[in-house]
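Use these hints to put chains B, C, D, E and F onto chain A, whose structure you have.
There are 6 protein chains.
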Amino acid sequence: MKYLSALPDVMIEDDVRAALLEDLGRAGDITSQILVPHDKMWNAALVARGAGVLAGLDLVRLVFHLMDVTVHFDACRQDGDDIVAGDIIAHVSGNARALLAAERTALNFVSHLSGIATVTRRFVDAVKPYPVAISCTRKTTPRLRKLEKYAVRAGGGRNHRFGLDDAVMIKDNHIAVTGDLCAAIRCVREAVGHTVKVEVEVDTIEQLRQILTSSADIVLLDNMKIPELRACVSLAKGRFILEASGGVTLATVRDIAETGVDVISVGSITHSAAILDFGLDDAV
Amino acid sequence: MKYLSALPDVMIEDDVRAALLEDLGRAGDITSQILVPHDKMWNAALVARGAGVLAGLDLVRLVFHLMDVTVHFDACRQDGDDIVAGDIIAHVSGNARALLAAERTALNFVSHLSGIATVTRRFVDAVKPYPVAISCTRKTTPRLRKLEKYAVRAGGGRNHRFGLDDAVMIKDNHIAVTGDLCAAIRCVREAVGHTVKVEVEVDTIEQLRQILTSSADIVLLDNMKIPELRACVSLAKGRFILEASGGVTLATVRDIAETGVDVISVGSITHSAAILDFGLDDAV
Amino acid sequence: MKYLSALPDVMIEDDVRAALLEDLGRAGDITSQILVPHDKMWNAALVARGAGVLAGLDLVRLVFHLMDVTVHFDACRQDGDDIVAGDIIAHVSGNARALLAAERTALNFVSHLSGIATVTRRFVDAVKPYPVAISCTRKTTPRLRKLEKYAVRAGGGRNHRFGLDDAVMIKDNHIAVTGDLCAAIRCVREAVGHTVKVEVEVDTIEQLRQILTSSADIVLLDNMKIPELRACVSLAKGRFILEASGGVTLATVRDIAETGVDVISVGSITHSAAILDFGLDDAV
Amino acid sequence: MKYLSALPDVMIEDDVRAALLEDLGRAGDITSQILVPHDKMWNAALVARGAGVLAGLDLVRLVFHLMDVTVHFDACRQDGDDIVAGDIIAHVSGNARALLAAERTALNFVSHLSGIATVTRRFVDAVKPYPVAISCTRKTTPRLRKLEKYAVRAGGGRNHRFGLDDAVMIKDNHIAVTGDLCAAIRCVREAVGHTVKVEVEVDTIEQLRQILTSSADIVLLDNMKIPELRACVSLAKGRFILEASGGVTLATVRDIAETGVDVISVGSITHSAAILDFGLDDAV
Amino acid sequence: MKYLSALPDVMIEDDVRAALLEDLGRAGDITSQILVPHDKMWNAALVARGAGVLAGLDLVRLVFHLMDVTVHFDACRQDGDDIVAGDIIAHVSGNARALLAAERTALNFVSHLSGIATVTRRFVDAVKPYPVAISCTRKTTPRLRKLEKYAVRAGGGRNHRFGLDDAVMIKDNHIAVTGDLCAAIRCVREAVGHTVKVEVEVDTIEQLRQILTSSADIVLLDNMKIPELRACVSLAKGRFILEASGGVTLATVRDIAETGVDVISVGSITHSAAILDFGLDDAV
Amino acid sequence: MKYLSALPDVMIEDDVRAALLEDLGRAGDITSQILVPHDKMWNAALVARGAGVLAGLDLVRLVFHLMDVTVHFDACRQDGDDIVAGDIIAHVSGNARALLAAERTALNFVSHLSGIATVTRRFVDAVKPYPVAISCTRKTTPRLRKLEKYAVRAGGGRNHRFGLDDAVMIKDNHIAVTGDLCAAIRCVREAVGHTVKVEVEVDTIEQLRQILTSSADIVLLDNMKIPELRACVSLAKGRFILEASGGVTLATVRDIAETGVDVISVGSITHSAAILDFGLDDAV
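Chains A, B, C, D, E and F, in that order, are what the protein sequence lines are.
With the working numbering applied, the first sequence corresponds to residues 59 to 342, in that order.
With the working numbering applied, the second sequence corresponds to residues 59 to 342, in that order.
With the working numbering applied, the third sequence corresponds to residues 59 to 342, in that order.
With the working numbering applied, the fourth sequence corresponds to residues 59 to 342, in that order.
With the working numbering applied, the fifth sequence corresponds to residues 59 to 342, in that order.
With the working numbering applied, the sixth sequence corresponds to residues 59 to 342, in that order.
Calculated from the structure, these hints are not laboratory results.
From a predicted model like this one, the values you see are computed outputs, not experimental measurements.
Ideal placement from N, C-alpha and C gives every residue a C-beta, glycine not left out.
You can take every hint at face value.
SDA-like, lysine to any residue: derived pairs with alpha carbons at most 20 Å apart: (1) F/K204 with C/L79; (2) A/K98 with B/A249; (3) F/K283 with F/D230; (4) F/K204 with C/E80; (5) A/K98 with B/D238; (6) F/K229 with E/N101; (7) F/K229 with E/D339; (8) C/K204 with D/R75; (9) D/K229 with C/N153; (10) E/K229 with F/S151; (11) E/K98 with F/G237.
Pair ranges (Cβ atoms, derived): (12) A/D183 with B/T307: 22 to 32 Å; (13) A/Q268 with E/G296: 22 to 32 Å; (14) E/D97 with F/E248: 19 to 29 Å; (15) A/K98 with D/A341: 51 to 61 Å; (16) A/C240 with F/T307: 48 to 58 Å.
Chain A extracted, bound-state conformation:
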């Protein structure tokens, strides 16, 4: 799971700083400033409150670091790890005011991203015996795509394209305009750079048949029933990377995997994942 590797700090500092400032507002943590002596130290532990997959530990570290560079942060686990309620994830110690002020922001990051990693892992586990990848989509929380796609990787999933610019995706609307799917694929091939893949969305096996000799790299089989998926696989396996998509759930994903498609993309792993809960506890 090498690719899981944490995003470099330079890529996440702006997010962490903005999240901290959103919570600190215009006066900072007024409660702690009043009640906690300025030189009081505190030892705390980041503890899991539920079972799942860890993601976002670097963000937690950076939240505390940007709040106070003298905070000590020692990780006990790493992103991608399976964790259960009660697991100590990291020890955090330093100025008490700084820890208390940073606490909620740190927890919000790790809870949100671990929630995504956890649900991703459930899908990945559900299709275990089959040689199929679980992929995310572009249905992500606005401004958090980079982080959420990272969490998908932490959960064992793969990333679909990151934006409108890093792969071509020809959808029905595009076809409605140009009229001819094969012509569209040819047109795209001629225009884009050689490092860009071309994906085409089809709704029926009929459409798939039409583009069978085209130069598309990937075909998205949209909202198909299991038998139709199976037929498409028979028809085109090996010619294209075949991706099943549309309303996939934990209840249906295994049957879809069994059809032989190469990739199953699931929007809900990013847009509707519940958090995995964490807390910052006094470390006695």
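Showing chains B, C, D, E and F alone in chain A's frame:
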């Protein structure tokens, strides 16, 4: 529902621009640029794909506006409205490339915020007969607090404090440091401005009894069982605003409301709401 | 004076960086670059040139730190201290070019904020025997509210609301629109969150009488003469927090305090404070 | 007074936006959102509450424009105008919520900058018969230099250098390092571009005599008494631009002007100017 | 040339604004402010001063628009057009101060980007008869990659990957670490998403032979002589996209094209292109 | 060459961070993340691939530092040094992933700026025997003026004005508006601050004669032939700083220098300099 009023554009432009750029990347919507003639016009409709409460329409409008100032956007519904699958929310027409490039960003905003408004409304409806407010917490998605708290209002909920700076909240950790809850309340009162409210977290009725004559404005009854909540209400109703919190679900919220507390705060309405799905359809 | 506690660096770094860049322009400190050898070291002292109250020392430290991380900064005094001309506030030593380039920006911060703290302290001292708080307003220098409100705290004052969003303030213009002050207060109470206080502005004792049984938290007595203030205090003391405001000066503040109001808010402490002068001297 | 010409919007938009957001916080103007109907219109007038010189009208216009593009703003006066209490400066009409939300930010800008223009004008008037310019310094409020230097121009003053990069200024500290003033001037001349002027600070007529044949453009006569200033003028008038500086007040500026210096620079016009008060009144 | 389509304004506004502010500095265009009456209008023409390919017209339009929204901009030509000295590219009319202040920034953008488009076109023309694409690299001017890659498209070239994240490129350094090229390709394939292409750099035909049955999409033939290129094409044509790279010039590109490679990537078209000169002339 | 002194980090951090993020995109360096073990260390050397003048070493250092603070960077040479192909410029060692991810950004900075320094040096060397300065213009790459002007200094050139605000430049268009060159100069003199120089552009010796007694500081002799330049020098040497400009090349610059002008400004040293190539090599 006057307070629902949309956030002024100056408060959301940065979010919208950042979300658009996150999707456009470094080359923009390469598929549409290649396949769609530059002067092609398109009429589309924003359509609900599920039932719930609408929130985020101004963000949708602004996404299209920042993508292309000449896009026409006509809203049929407004934030806070109950909607069902198939409802047309708005008509959007203009340059086809611009609409296609802005589509996913617009949908991501409205789906995320309507998801929050929808689950909030469910909690609000569940406690209908009782004079109790449903409130959010600071457990929000990093960088999106302002928007998510707005969505809570759209769903009929009330907002808890927006950050560490706009109200005092004395928690167990603070007490562990200062030792005496009543002293802490007095200390805070003397230090903060006169526009700031002071909230205190208690875990037991015993703690509540200790601060009964203090000048706290709000008491948070943390993770209490129904009978204990009821006892606290008997003891302190009218002296403080009483807020119940901790693991509240749709299954438990009505019983909590029945105890007579003034506010029930629910973290899951912001941190674990599934989206409400929307689509951008060809408007034939 | 615990709440005085310096703002965390993450809240002021942007201000410091922007101020430095405003002075460095597009070529930096061309004089020092040409005349001062690149490895020349310098020992300097931040010295007060007048008497007053210190505020902004953390900004000074951060100015030098962002200019050159190897600069040593040792504070001799702390924010909120009374100082007189000639007092050494801090020792600063390090690369001479860096110190010279950062000098003016550092001095501008500490002079501006100490000026505010100083005039605030004068108001606070003037009302000493009375149990009344001196408060600032929202009449602050654009973009510097966070810092100027901090300086008010350093001077012993309290902060009024930080913006339009952290407390309700019902003014004459609002009433002109809704027509009924009591109705307005009820309306607001129902809509805002339970952590938000409601303040109402009244111009006459008659208006005060009308809202006497309302649920307002604070009443601002606007531009009233001393006898009228006294009458308002007799009428409403204990029911509301009473705040006197409007053209308050050092000459009038003590008489206002004597009336028994709880808070006196003074715009001039932020919008018209002269600086307290400081210099960076060669430390022989 | 052509050079007074307002700064182009692109140079001030960031300041205006940041100032608005500082006041709107995370929830916007909650009072007006609750109490004022969303479609309520309002006609208001920007009115002077004191006598002085107007500066910052473009910022006022832009504050309202960024808050709501449909606001109408009609200026009756222009920057640099003499105004008295009661003068209507501009008519502003549009959505009531938008006007109320933008009011304080608009007033804070125009009050601060007009305060600077007003005190500048007083200095300019005080030296009227003499061919001498009143100049500002780099002692400005952090982050506001661009605006404050503009206000100085509006008051009839001239701008000194804008930063460390647009002119050379050799001070005592630099000399302490290099040892020889004349050598320093030669050294600078050889290194800087041909569009950059070189200014040298001297404390005594003796120092002035040493550099009499140097290629300096400007000599700053620092903290000199009137007779010494006069002697310096006799010695060096015409060879250099002579600038008097150091603790200049309205009481002393005319005598300084009489000595024949070319420029008098005054720090207090930017760092210690009281505001000129303005209000936004209902326009019946 | 559909893909040439101008980047949407939201993607270039920040660049344009930053470039304008870089030139306006802290006081704006002081010359025009002093000499040109504030209501003076001017009709000007953007004119080519050399022959080449136009690129960047949208940036020119946006420069004038952000300087003054009332400026009229009428384009006579479009990006990708062949132009010669004297050609009128666009008519620009409006406030004279605004046009003069924006002039240099507008010219710098269009000159730089047209320079890149022009040299790209020369390479494209040089390989005309051959079915080979001319591609750029990541050797671009820092912060301008998005714009420079657009200019390459305007000149008829194709874009290589936009960053480290949108395609895999296995170089010698990576191999030095992992030891085995084929293993590296397998490893990558398993880890990256299905929309990402994998490119491998080889220095010799021997290396190419080793990976002949691998799943790489693209093979970069680095710094090979013509005969070696030809041998590689014989060996692997059709299996991979073959890209020649390394010190390609106008003198050598045709011979390389003749070998049958699919893509020739040329760093100098972005990193060393001379500008194509333009001017803003009085439109009599 | 004291003025060459590196720009302080606070002035270049934003550029470096933006350039890194431009290359890292939304997923970072996916190749190295997959193939290189996360704890693999690497020793590398920054090596020149051509002969010229070094510029931008501080940017290289900062690129690696912002990527990973634990990277060791040891410079062997300094900006302004003459270097030849094969010279080791710096040793860089640390985490292999970090070095590989930062490599291209670092090389792009130093190659671009050294390219400018190199061509500047060629012009400087070409006029060696003459007391004339080689100066840049405002024809710089958008957003990079500060860096490119620094590179000019590194090459031994001088900087012309940095923007529209730090010197007055009266051009033909301004005269077309005001009608009288001498009146324009007087007008400017009265309006601008005393630290600002005034430059006037003339096309003919006749124009120069007209302004001979004016108070201009600099006269730009635009696009004149050698004899006309010589005549201008005879007429005005010593009265003004004389600057020759317009289409200057390495072939013509010596003859221009010989005419006796004080400054020769050359646009191509910033807008059309080819890069000086560098590489990051394995340091065995």
